[in-house]
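Chemist: So the sequence lines, in the order shown, correspond to chains A and B.
Following this note's numbering, the numbering of the first sequence begins with 1 at its first residue and continues without gaps.
Following this note's numbering, the numbering of the second sequence begins with 196 at its first residue and continues without gaps.
Some clues are possibly wrong.
What the hints assert, rightly or not - For lysine to aspartate or glutamate, the following EDC-like pairs were computed, each having C-alpha atoms within a straight-line distance of at most 20 Å: (1) B/341 to A/188; (2) B/389 to A/78; (3) A/133 to A/74; (4) A/42 to B/340; (5) A/54 to B/384; (6) A/133 to A/188; (7) B/341 to A/45; (8) A/54 to B/387; (9) B/455 to B/340; (10) B/336 to A/45; (11) A/176 to B/340; (12) B/455 to A/180; (13) B/206 to B/432; (14) B/341 to A/177; (15) B/389 to A/93; (16) B/389 to A/74.
Claimed, not checked - Calculated from the model, a selection of chain A residues having no Cβ within reach of chain B, i.e. all distances over 10 Å: (17) 29; (18) 36; (19) 44; (20) 53; (21) 123; (22) 129; (23) 180; (24) 186.
What the hints assert, rightly or not - Which residues of chain B face chain A? A partial, calculated answer using Cβ under 10 Å: (25) 290; (26) 336; (27) 358; (28) 360; (29) 364; (30) 368; (31) 369; (32) 386; (33) 407; (34) 448; (35) 451; (36) 456; (37) 546; (38) 573.
It is worth saying that the hints were derived from the structure and are not from the lab.
Glycine included, each C-beta is placed from N, C-alpha and C at the ideal position.
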Amino acid sequence: MDQRAHNTIEQTSSHGELLSHDDVLGSTLSQAERITSGLLDKVEEAITHYPVSKRSAALPLLHLWQNHFGFIDESGVEWIAAKLDLNSISILELITFYPWFRQKAPGKTIIRVCRTLSCALAGSYEIHEKFCKSTGIDPTCEGHHGIPTSPDAKFSVEFVECLASCGSAPVCLVNKDLVERVSLQDVEDIIKKNS
Amino acid sequence: MSSLIEHPHPKERRIIFENAGKSDYTPDIENYLAHGGYEEAKKAFTMTPEAIVNEVKASNLRGRGGAAFPTGVKWGFIRRDDGKPHYLCVNGDESEPGTFKDRYILHRDPHQLLEGMIITCYALNIHLAYIYVRCEYTHAKEIMEKAIQEARDRGFLGKNIFGMGFDLDIYFHEGAGAYICGEETSLLESLEGKRPYPRIKPPYFPAVLGLYMAPTIVNNVETICHVKHILRLGSAEYAAMGTAGDGGTRVLCVSGDVMKPGPYELAVGSVTLGELIFDICGGLRPGRSLKAIIPGGSSSKVLRANEIFKIKSKADDGTVIDKEVPLLDMVMDAANLAAAGSMIGSAGVIVMDDSRNMLWALNNLNQFYAHESCGQCTPCREGVLWMSKLSTRMIAEGTQESDSISLHNIADHIAGRTVCAFGEAASWPTQSFIDKFPEEFGAQIAHQ
Ligand SMILES: Cc1cc2nc3c(=O)[nH]c(=O)nc-3n(C[C@H](O)[C@H](O)[C@H](O)COP(=O)(O)O)c2cc1C
Ligand code: SF4
Ligand code: FES
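Make the full structure from the sequences, and use the hints.
Modeler: Written out as structure tokens, the structure reads:
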């Protein structure tokens, strides 16, 4: 196992879940230097789910890492790779493939608006545009493994493909919560509540 | 979760959604046991594995994930005693646009899925199984993992389950936002921690060279849940609910321009498209008329209102005759939709009324496929992006006569030339939209 990973465990803070947004943006330490015992416990537990091949734990570890730090920096790529006895590229190529993973800090509230047909028929383009306009995000901006984020870092807004709730279109995810039949009024309320 | 309506439509026959549809139903194990939970798992252990596989074969259950492949036949590819490890991977990626049924099982009735998995694993001599679920179901992991723990605590999972000397571990595995991971070999690569490029078939049929190159069954969430009910009802009663070769019930997910969109569980072949849209889904918006139906998820070929299909059917004396069937009289099952040149697919029915522009709708789908191609094969990677750029430009700058020919041409050169069926999935919308609505793809001025 990577020696650095061992060394950094000692500097734990008590955060089990996503650090506060100020921590995400403010720290000068790399993520691997800020790993906590809580996160490490979860990592070890996740690896036990894959008795045949440790490599299978790559996605779970990336999820744990991103849930904890908000995004995945270079030290995270290296740490996870070392943990699973892989080259860094085997982790990096996952981050660049899967739309869910990010290499840059997101806004505090992440809004994912469904773009696909059933939601588009029900007005999701207007919903997306209103989210972007009210938060100061350029609606034509694409994330490229960051995510379009408002100048005050309070919001990230992105289009995603079908969220599998087409029967209650249009829908969006506000952080972890699915909002169904989103109206333009709902957009205002969501922004107000999270400002 | 509001589109699973508590009171089923009288035409519905709820088996899979019997409990998930009740507003006071909770996902904990006590509640599941109070509703007859795990009775069929216990029953399974009194049967021989062969008898279970035979029941599934006789039930005429077809996969609910997209290909409508007979589940019993698929299971028959696994040789229980070949000395190799076998795996079960349940496909809960649910990413085909228009499809939204597995979400209710995963969130509201997790133990029903676990029970189906236990029966499947016992029948096929599987001791390690995974549930692969899209991560956009942000609460599913918590709910399913709690259910797994509850089942473990009761001795229904882990070592020596039900005291029957059989070991089984089930784990939950989250995807990360990629549609292609619903394709079964991509799912396996994803589960192995690799870039999820689909594998080429042959030789990599999951039942032969699946997870970790061992024989593996990949089945959809809904498919696996049906297994419990086949044991409960018996294969004869289960099969009798459906049509010849296509048994049981099936959840049809309706979205788009209808008054009451939602998931409706119906006996296979029990309703026509007209009954589904105008009776069950409350019809179209006031003053609107029907324009198009995408019957089986975004990848299935679009059908045009007022189309008439020639469908072969058996007359009373056994002779096969060509019957003319108007679109709305067509029975919603795998055989009829295939005869109409489309497919039941994932049963995601997207309805569009006369206010909709077909070029705009196609462009929306083209953008989806352009975003989701895994990039492994050149015709797909380049072709779907090209189609998307072309249809986007047609909307913005107007259409030239040659554009629809180019679009169709690109699609024709993708389908059949790729590693996985995404190539067809991405080509069928373009081909069918242009073929069925040529007047909307001719030369015209810009739409804006
Ligand atoms: C591009 C593509 C996407 C697919 N997406 C899904 C999906 O999201 N869920 C699913 O169950 N099957 C999906 N399938 C079908 C699977 O490959 C596979 O046939 C299915 O999971 C088998 O289960 P079944 O026999 O129970 O239907 C997809 C297939 C293709 C080609
Ligand atoms: S057809 Fe498309 S999605 Fe399938 S393997 Fe090829 S590039 Fe990937
Ligand atoms: S199209 Fe938006 S949830 Fe499916």
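Chemist: Compare the distance between the alpha carbons of residue 336 of chain B and residue 45 of chain A with 20 Å, and conclude whether the hinted pair is satisfied.
Modeler: 15 Å, holds
Chemist: Taking the closest pair, is the beta carbon of residue 186 of chain A still more than 10 Å from chain B?
Modeler: 14 Å, holds
Chemist: Would the hint on residue 369 of chain B stand, with a C-beta cut-off of 10 Å toward chain A?
Modeler: The hint holds - residue 369 of chain B has a Cβ within 10 Å of chain A, the shortest such distance being about 6 Å.
Chemist: For the pair supplied as a hint, residue 455 of chain B and residue 340 of chain B, is the alpha-carbon distance within the 20 Å limit?
Modeler: 33 Å, violated
Chemist: Was the hint right that residue 364 of chain B lines chain A, CB cutoff 10 Å?
Modeler: 8 Å, holds
Chemist: Is the hint on residue 336 of chain B kept, meaning its closest Cβ partner in chain A is under 10 Å away?
Modeler: Holds: closest Cβ of chain A sits about 9 Å from residue 336 of chain B, inside 10 Å.
Chemist: Beyond 10 Å from chain B, beta-carbon-wise, is residue 53 of chain A?
Modeler: 6 Å, violated
Chemist: Can you verify the interface hint for residue 456 of chain B: is its Cβ closer than 10 Å to any Cβ in chain A?
Modeler: 4 Å, holds
Chemist: Against the 20 Å threshold, does the CA-CA distance of residue 389 of chain B and residue 78 of chain A hold or violate the hint?
Modeler: Cα-Cα ~16 Å, so holds.
Chemist: Does residue 74 of chain A sit within 20 Å of residue 389 of chain B, going by the straight-line distance between their CA atoms?
Modeler: Distance ~19 Å between residue 389 of chain B and residue 74 of chain A Cα, so the pair holds.
Chemist: Answer holds if the nearest beta-carbon of chain A is closer than 10 Å to that of residue 358 of chain B; otherwise answer violated.
Modeler: 23 Å, violated
Chemist: Hint check: is the beta carbon of residue 451 of chain B less than 10 Å from a beta carbon of chain A?
Modeler: It holds, given that the least Cβ distance between residue 451 of chain B and chain A is near 5 Å, below 10 Å.
Of the numbered hints stated above, those contradicted by the structure are hints 1, 3, 9, 20, 23, 27, 28, 38, listed in ascending order.
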